[in-house]
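Please put together the full structure from these sequences, using the hints given.
Each chain, written out:
Number of protein chains: 2
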Amino acid sequence: MRVLGIDPGLTRCGWGIVDGRPGSRPTAVGVGVIRSSAELDLELRLLELHTQVTALLREHRPDVVAIERVFTQNNKGTAMGTAQAAGVAALAAAQADRPVAWHTPSEVKAAISGNGRADKEQVTLMVTRVLGLSAAPKPADAADALALAVCHVWRGPAQTRLRTAALTGGLGAHVAPRTLPRWQGVAR
Amino acid sequence: MRVLGIDPGLTRCGWGIVDGRPGSRPTAVGVGVIRSSAELDLELRLLELHTQVTALLREHRPDVVAIERVFTQNNKGTAMGTAQAAGVAALAAAQADRPVAWHTPSEVKAAISGNGRADKEQVTLMVTRVLGLSAAPKPADAADALALAVCHVWRGPAQTRLRTAALTGGLGAHVAPRTLPRWQGVAR
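So the sequences go chain by chain: F and Y. The end of the first sequence is residue 188 by the numbering used here, with every number in the run present. The end of the second sequence is residue 188 by the numbering used here, with every number in the run present.
Since the hints were derived computationally from the structure, they do not count as laboratory data. Treat the hints with caution; some may be incorrect.
[To be verified] Between beta-carbon pairs, the in silico distance windows are: (1) Y/Ala136 <-> F/Asp19: 51 to 59 Å; (2) Y/Asp63 <-> F/Arg117: 47 to 55 Å; (3) Y/Pro139 <-> F/Glu59: 29 to 37 Å; (4) F/Ser134 <-> Y/Pro139: 56 to 64 Å; (5) F/Lys120 <-> Y/His60: 42 to 50 Å; (6) F/Pro139 <-> Y/Ala136: 46 to 54 Å; (7) F/Glu39 <-> Y/Ala55: 52 to 60 Å; (8) Y/Pro99 <-> F/Glu59: 29 to 37 Å.
All of these numbers come straight from a predicted model, not from anything done at the bench. Glycine is no exception: its CB is placed at the ideal position from the N, C-alpha and C atoms.
Listed below in C-alpha cells is the structure:
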C-alpha cells in the first residue's frame with residue numbers, strides 16, 4: 001500500500017509518501033513541503049496547493065491520501081486556513097479517484113511513538129528511525145506528513161475493517177426495535 | 001458588474017447571482033442551493049460542491065465571486081466543513097480566473113438592511129425588496145447568497161479602492177521611519 005500523507009497548511013503544507021503494510025517496516029518514497037506566500041490572495045494560495053497536490057497524485061499514484069484532521073480549538077488564528085488547505089487537498093484526492101483517510105494528531109503521535117502527546121522532536125526522531133532515514137526530515141511539517149502516512153499504513157486497514165463492520169451491523173451498530181426477540185416486545 | 005455570491009456550507013451551500021453597480025437597483029440573475037448528502041465521504045461532498053460551482057462560473061461568467069468569511073468561534077461543530085466548502089468555492093473561482101472577495105456576515109447584513117445584527121427574516125425581506133422579487137428566495141442560504149452578492153455590488157468597489165489606496169501608501173499605510181520629517185528624526 002502506498003500512502004500520501006498531508007499535513008495541511010497554507011504557508012507550509014507538508015507531504016510524505018510511504019510504501020508499506022501493517023506489521024512490516026515502511027519505506028519512504030518522497031517527502032517535501034508545498035509553500036505559498038502570505039502576500040498572495042487566499043484563492044491563489046489554494047490554487048497553488050491544489051496544483052501541487054494534483055501533481056504529486058499523478059506522479060506517485062498513492063492508494064490512499066491520509067490528511068491530518070484539523071480542530072477549531074487549536075491555533076485559532078490559522079485554523080480556517082488550515083481547514084481550507086485540508087479541504088483542497090481532499091478535493092484533489094477525490095478528483096484523482098483516491099480515497100481520503102483522516103487521522104487526528106494524537107492518533108499519529110500514538111502510532112509513531114507510542115505516546116499520543118509526543119512533542120515534535122520525538123515525532124521527527126521516530127519517523128527518522130522507523131523509515132531508516134539517514135537524516136531527519138525537515139521542516140517539522142514534512143516529518144509530520146511522513147508520520148501521518150506511516151500511521152495510516154499501520155492503523156488504516158484496521159480502522160477500515162472496524163468501519164466496515166460497523167456499517168454492516170457487526171460492531172456497535174444500532175439495533176432496530178424490530179430485531180429484538182419477541183419476549184422483549186411491547187405486545188407480549 | 002456581475003457577482004456570484006456564495007454562502008458556503010456542505011449540507012446546503014447557497015448561491016445567488018446579481019447584476020448591478022453602486023447606487024443603482026441590482027437585478028437577480030439566478031439563485032439556488034447546492035446540496036450534498038451527509039452520508040457521503042467528505043472528499044466526495046467537496047467534489048460535488050466544486051463541480052457545481054465550476055458549472056455556475058462557466059454558465060454565468062461573473063466578474064467577481066463574493067464568499068462569506070467564516071469565523072471559528074461561530075457554530076463550532078460545522079465551522080470546519082464550512083471553511084472547507086468556502087475554500088473549495090474560492091479554488092473554483094481561481095481556476096476560472098475570477099477574483100474572490102470575502103465579506104463578513106455583519107457587513108452583508110449592514111449593507112442589505114442597514115443593521116449589522118439583522119436576523120435571517122429581515123435579510124430575506126430586504127433581499128426580496130431590493131431585488132424586486134415576486135417571492136422570497138428560499139431556503140435562507142439562498143437568500144443569504146443573494147444578499148452577499150448585493151453587498152459586494154454596493155460595497156465591493158469602495159472596498160477595492162480603499163485596499164488599493166492602502167497598498168500604494170495613500171491610506172493608513174505604515175509610515176516608514178525614513179519618511180518622517182527631519183525635525184522628528186533622532187539625529188536632530
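Hints, one by one, checked against the model:
1. Y/Ala136 <-> F/Asp19: 51 to 59 Å: Since Y/Ala136 and F/Asp19 have Cβ atoms about 56 Å apart, the given range 51 to 59 Å holds.
2. Y/Asp63 <-> F/Arg117: 47 to 55 Å: Roughly 50 Å apart at Cβ, these two residues keep to the hinted range, so it holds.
3. Y/Pro139 <-> F/Glu59: 29 to 37 Å: Violated, at about 43 Å.
4. F/Ser134 <-> Y/Pro139: 56 to 64 Å: holds, 58 Å
5. F/Lys120 <-> Y/His60: 42 to 50 Å: Taking Cβ atoms as reference, F/Lys120 and Y/His60 lie about 46 Å apart, which means the hint holds.
6. F/Pro139 <-> Y/Ala136: 46 to 54 Å: holds, 52 Å
7. F/Glu39 <-> Y/Ala55: 52 to 60 Å: violated, 31 Å
8. Y/Pro99 <-> F/Glu59: 29 to 37 Å: holds, 31 Å
Consistency with the previously given hints fails for numbers 3 and 7, ordered from lowest to highest.
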